[in-house]
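Peer 1: The residues making up each chain are set out below.
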Amino acid sequence: MNFQRVSALVKKDLKRLVREPSALFMIILFPIMLTLVFGLAFGGIGGNQTVTYQVGLVNNSPLGQSSNWTQRFIGNLASVEILKIQPYSDNATAQDDLIQGKISAVIIIPQDFSRSCDSFESAPTDPNLWTNTTLQVYVDSGSMFATQAITPLIQQALATTITGQQVKSTSTSIQISSPSLVQASNTTAFEFMMPGIFAFASIFLTMIVAQSFTLDRDCGLLKRINITPTTATEFMSSQAISNMIEALIQASVVFAMAFAIGYRPKGDISTLALAFVLVLVFSLCNVGFGLITATLAKSPGAATGIAFLFIMPQMFLGTFVGASLSQSAQSISRFVPSYYVTDALTSLFLRGAPITSPSVLVDLAVTVVCSAAVLMIGVVLFKKYGKA
Amino acid sequence: MEMPEIVVENLTKRFEGVTALDSLSLEIKKGELFGLLGPNGAGKTTLINLLCGLVEPTSGSVYVAGHDVRREAAKVKELIGVCPQDATAYSFLSGRENVELFANLESVPKAKLKESIDELLERMSLTEDADRRLGRYSGGMKRRINLIIALVHDPEIAFLDEPTVAMDPQSRRAVWGFIKDLERNGKTIMLTTHYMEEAQELCDRVGIIDHGKLIALGTPAQLIDKFQAKNLEDVFIELTGRKIREEI
Chain A
175 MNFQRVSALV
185 KKDLKRLVRE
195 PSALFMIILF
205 PIMLTLVFGL
215 AFGGIGGNQT
225 VTYQVGLVNN
235 SPLGQSSNWT
245 QRFIGNLASV
255 EILKIQPYSD
265 NATAQDDLIQ
275 GKISAVIIIP
285 QDFSRSCDSF
295 ESAPTDPNLW
305 TNTTLQVYVD
315 SGSMFATQAI
325 TPLIQQALAT
335 TITGQQVKST
345 STSIQISSPS
355 LVQASNTTAF
365 EFMMPGIFAF
375 ASIFLTMIVA
385 QSFTLDRDCG
395 LLKRINITPT
405 TATEFMSSQA
415 ISNMIEALIQ
425 ASVVFAMAFA
435 IGYRPKGDIS
445 TLALAFVLVL
455 VFSLCNVGFG
465 LITATLAKSP
475 GAATGIAFLF
485 IMPQMFLGTF
495 VGASLSQSAQ
505 SISRFVPSYY
515 VTDALTSLFL
525 RGAPITSPSV
535 LVDLAVTVVC
545 SAAVLMIGVV
555 LFKKYGKA
Chain B
196 MEMPEIVVEN
206 LTKRFEGVTA
216 LDSLSLEIKK
226 GELFGLLGPN
236 GAGKTTLINL
246 LCGLVEPTSG
256 SVYVAGHDVR
266 REAAKVKELI
276 GVCPQDATAY
286 SFLSGRENVE
296 LFANLESVPK
306 AKLKESIDEL
316 LERMSLTEDA
326 DRRLGRYSGG
336 MKRRINLIIA
346 LVHDPEIAFL
356 DEPTVAMDPQ
366 SRRAVWGFIK
376 DLERNGKTIM
386 LTTHYMEEAQ
396 ELCDRVGIID
406 HGKLIALGTP
416 AQLIDKFQAK
426 NLEDVFIELT
436 GRKIREEI
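Chains as they are written, first to last, in this note's numbering: chain A, 175 to 562; chain B, 196 to 443.
If you're looking for bench data, these hints aren't it; they were derived computationally from the structure. Don't be surprised by glycine CBs; every beta carbon is placed ideally from N, CA and C. Don't take each hint at face value.
Said to hold, decoys possible - Take a look, some chain A residues computed to stay more than 12 Å from chain B by CB distance:
id: 1; residue: V180
id: 2; residue: R190
id: 3; residue: A252
id: 4; residue: T307
id: 5; residue: E408
id: 6; residue: S426
id: 7; residue: L448
id: 8; residue: M489
id: 9; residue: I506
id: 10; residue: F509
What the hints assert, rightly or not - Now the in silico label distances, taken between C-beta atoms and shown as ranges:
id: 11; chain 1: A; residue 1: S473; chain 2: B; residue 2: D399; range: 39 to 45 Å
id: 12; chain 1: A; residue 1: V192; chain 2: B; residue 2: G261; range: 43 to 49 Å
id: 13; chain 1: B; residue 1: T214; chain 2: A; residue 2: L188; range: 26 to 32 Å
id: 14; chain 1: A; residue 1: A406; chain 2: B; residue 2: D420; range: 29 to 35 Å
id: 15; chain 1: A; residue 1: G479; chain 2: B; residue 2: M198; range: 48 to 54 Å
id: 16; chain 1: A; residue 1: A539; chain 2: B; residue 2: T207; range: 37 to 43 Å
id: 17; chain 1: B; residue 1: S333; chain 2: A; residue 2: A503; range: 30 to 36 Å
id: 18; chain 1: B; residue 1: T414; chain 2: A; residue 2: L188; range: 34 to 40 Å
id: 19; chain 1: A; residue 1: I551; chain 2: B; residue 2: S302; range: 43 to 49 Å
id: 20; chain 1: B; residue 1: R331; chain 2: A; residue 2: L210; range: 32 to 38 Å
id: 21; chain 1: A; residue 1: A406; chain 2: B; residue 2: D399; range: 48 to 54 Å
id: 22; chain 1: B; residue 1: E396; chain 2: A; residue 2: V192; range: 57 to 63 Å
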């Protein structure tokens, strides 16, 4: 590998970024606007407002013996700032209000709630002696934030009630009907969206790569470079490096903007470093999609259109846009690389997961494998069919 | 006996049923300035693309400086400089930056880089405009940058595909002088052109190509003498029954 050639090509690509208005817009201005607009719309700007949710509570647990468990649970729920608890005497009325959008969720405390808590307290390590029960939770599916935020908060209140700890570290005798792993609290909508915004900005590299390759091919520039002793490996390495630098700039811009308007992710410097690594690896995936697009497209205009075939699924299924997806769409989203980037960033920034957390490492591994595979496919296809 | 610098043997290239080159054979000596004449679509650019290793021949062989282009394309690329027909460079870079980029791709040593570039820009009267973006250059200036890019690494062999097309007479004369200097420095040059007077003025030997076949080969004087013509234009008319410019 000749580094003189690679660095010359990288410099050229970075100059394109600064000097071509369309590239500058997509790489720098678009992420700035995106972060600002979403910050303004969803709570990052303007006093760091907290979203609150009205939650209906139906208590089917009999009064009297051991009812202090129920009271303790209700107390813990009420202490969660963003939940406003509204008691209901029956499930039907609560469900009616939920359907009408008057409340965001309904919690139904089962009859055997206190008995179940007692059984756990007397034998916390022996599940065979527990009286298992389920806390029914219904959430407004029309609210993408309610679907993500409420269940984890109930989980947290339940864990505090039974084990005295905020985080549910072991299994207990009470399950929530649709549990989620998110352990969030006092979170604005903007904070929920930020991990997805990081991935979202990088997705548009697909279009930039596809446009620059088709334009260079049309102008004969790829052919001209091919006449020089520059090898395919050197050329593709330069593309990978320059696009990773662009992704790094994008991620830094997005992070700086978000930070400036009050976004404070969980974790430390290592969390942030891993987040940038994820974005960098993901940028290679988008270079691969860009190359596949350039192979299929006959002109820069066509490249823009075809690029959206890769951008749209990644955008709608894998970033903040897909937060309120249906069950089937969520299953499909597992097939888009951006899902794993967003999921890992959500674990890091929102759940406060350590960088060694298995779920983060699995997401990172899937992102690495996907990016390597897509990049390889892109290089092979472009080399074989796209250069002419 | 010295081996020819460029050897083309029974070269045929077909594109989807169209024969661009038809069993063409040719030898060019080291240090020779060889002109390839022919109308559009005659196969001139296809021959250059084959000599550079950009396309694979349908049949036949091509050797450049003793290297089989098909098998040793990387070695061949280190020896050649190619000036494509269309001025090809990055519009968002300045003239100097474009030349620097391609000099780096040709691994010109850093110490020599600035001096070489300055000299070539001066030679092509582009020093004053060197730091303007290429997108703001006139067509003639772009063509001169195109030629500098091809020669910035001082290649042993230069393929110049219509380097003076659409240039004003003054610029064309400057380029002719430049090409003559290359020849004096012992470079092997293949020049394709539509301009008969250019070939007559510059070339040691010329080959006339039409419909993918080499139909005449010799020095300009030999061909003029052989066909009892006043100039190469008349030779072309004699051979093909039409003027070369009618095809442009």
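Peer 1: Hints numbered earlier in the text: which of these fail when held up against the supplied structure?
Peer 2: 1, 2, 5, 13, 14, 16, 17, 18, 19, 21, 22
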